[in-house]
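Participant: For the sequence shown, my numbering assigns the number 154 to the last residue and increments by one with no breaks.
Honestly, the hints are just simulated from the structure, not real lab data.
Just to be clear, a hint being listed does not mean it is correct.
[Claimed, not checked] Label pairs and their computed distance ranges (CB to CB): (1) 17 x 67: 51 to 57 Å; (2) 80 x 118: 17 to 23 Å; (3) 57 x 12: 39 to 45 Å; (4) 89 x 128: 34 to 40 Å; (5) 83 x 47: 57 to 63 Å; (6) 78 x 103: 34 to 40 Å; (7) 125 x 96: 40 to 46 Å; (8) 97 x 64: 57 to 63 Å; (9) 51 x 25: 22 to 28 Å; (10) 93 x 120: 36 to 42 Å.
[As the list claims (entries may be wrong)] No farther apart than 25 Å at their CA atoms in a straight line, the calculated lysine to any residue pairs in the SDA-like style are these: (11) 71 x 53; (12) 71 x 56; (13) 71 x 54; (14) 71 x 84; (15) 71 x 85.
Ideal Cβ positions, reconstructed from N, Cα and C, are used throughout, including at glycine.
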Amino acid sequence: MYSDYAPSAPVQRAVEVHHPTPLPPAVPVSAPVVSVQPGTVPAVASIVLPDGRIVTGYAIDAVRPEPVAAKPAVSRTAVNVALGGVGFLAVCGGLLLLTSFIAALTAFITQLIILAAVVFGGWIAVQLFSTSGHQGGTTVNIRKAVIKRNHFHG
Numbered sequence: 001m002y003s004d005y006a007p008s009a010p011v012q013r014a015v016e017v018h019h020p021t022p023l024p025p026a027v028p029v030s031a032p033v034v035s036v037q038p039g040t041v042p043a044v045a046s047i048v049l050p051d052g053r054i055v056t057g058y059a060i061d062a063v064r065p066e067p068v069a070a071k072p073a074v075s076r077t078a079v080n081v082a083l084g085g086v087g088f089l090a091v092c093g094g095l096l097l098l099t100s101f102i103a104a105l106t107a108f109i110t111q112l113i114i115l116a117a118v119v120f121g122g123w124i125a126v127q128l129f130s131t132s133g134h135q136g137g138t139t140v141n142i143r144k145a146v147i148k149r150n151h152f153h154g
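Given these sequences and hints, build the entire structure.
Facilitator: Shown next, in the form of structure tokens:
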């Protein structure tokens, strides 16, 4: 910063003082009278300041923190997790029983099919290899028959 002006004495400036303008007093409005119980009106306190002025006002009670609610022995989250686990185990148990039931039903149906095959196969074997007596129908003794000129005489 270059300057050709170098003052030898400090420059004095005029001081402006602003005074607040007072507000006119408010017009009193007649308010309804409310009965107040004696215990609810706060006490009036006066304080003497170091310069001799006296300030009067209502005493303010210290802010009391809200009492902390007693925490339960077990947190709600832990209870919810435990209940979810119990429900999950119940579902898994049911699924295990359902799976076991399906496996047992499959084994039972397989055994019924095998039993039917054995019984039916045995019945067919008895029918084929049976040497029991007369089976019914017409019996033709071919040895006694005479075949003349491609004609059968029985």
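Participant: Each hint needs a verdict: does it hold in this structure or not?
Facilitator: The hints, checked one at a time:
1. 17 x 67: 51 to 57 Å: This hint holds: roughly 54 Å between Cβ atoms.
2. 80 x 118: 17 to 23 Å: Violated: the Cβ-Cβ distance is about 57 Å, outside 17 to 23 Å.
3. 57 x 12: 39 to 45 Å: Taking Cβ atoms as reference, residue 57 and residue 12 lie about 43 Å apart, which means the hint holds.
4. 89 x 128: 34 to 40 Å: Violated - the Cβ-Cβ distance for residue 89 and residue 128, about 58 Å, lies outside 34 to 40 Å.
5. 83 x 47: 57 to 63 Å: Given range 57 to 63 Å: holds, Cβ gap about 60 Å.
6. 78 x 103: 34 to 40 Å: 37 Å, holds
7. 125 x 96: 40 to 46 Å: 43 Å, holds
8. 97 x 64: 57 to 63 Å: With Cβ atoms ~59 Å apart, the hint holds.
9. 51 x 25: 22 to 28 Å: Given a distance of about 26 Å, which is inside 22 to 28 Å, the answer is holds.
10. 93 x 120: 36 to 42 Å: 41 Å, holds
11. 71 x 53: 51 Å, violated
12. 71 x 56: The given pair, whose Cα atoms are some 44 Å apart, is violated under the 25 Å limit.
13. 71 x 54: Given pair residue 71, residue 54 is violated - Cα atoms ~48 Å apart, limit 25 Å.
14. 71 x 84: 22 Å, holds
15. 71 x 85: 23 Å, holds
Of the numbered hints given earlier, the model fails hints 2, 4, 11, 12 and 13; all others are met.
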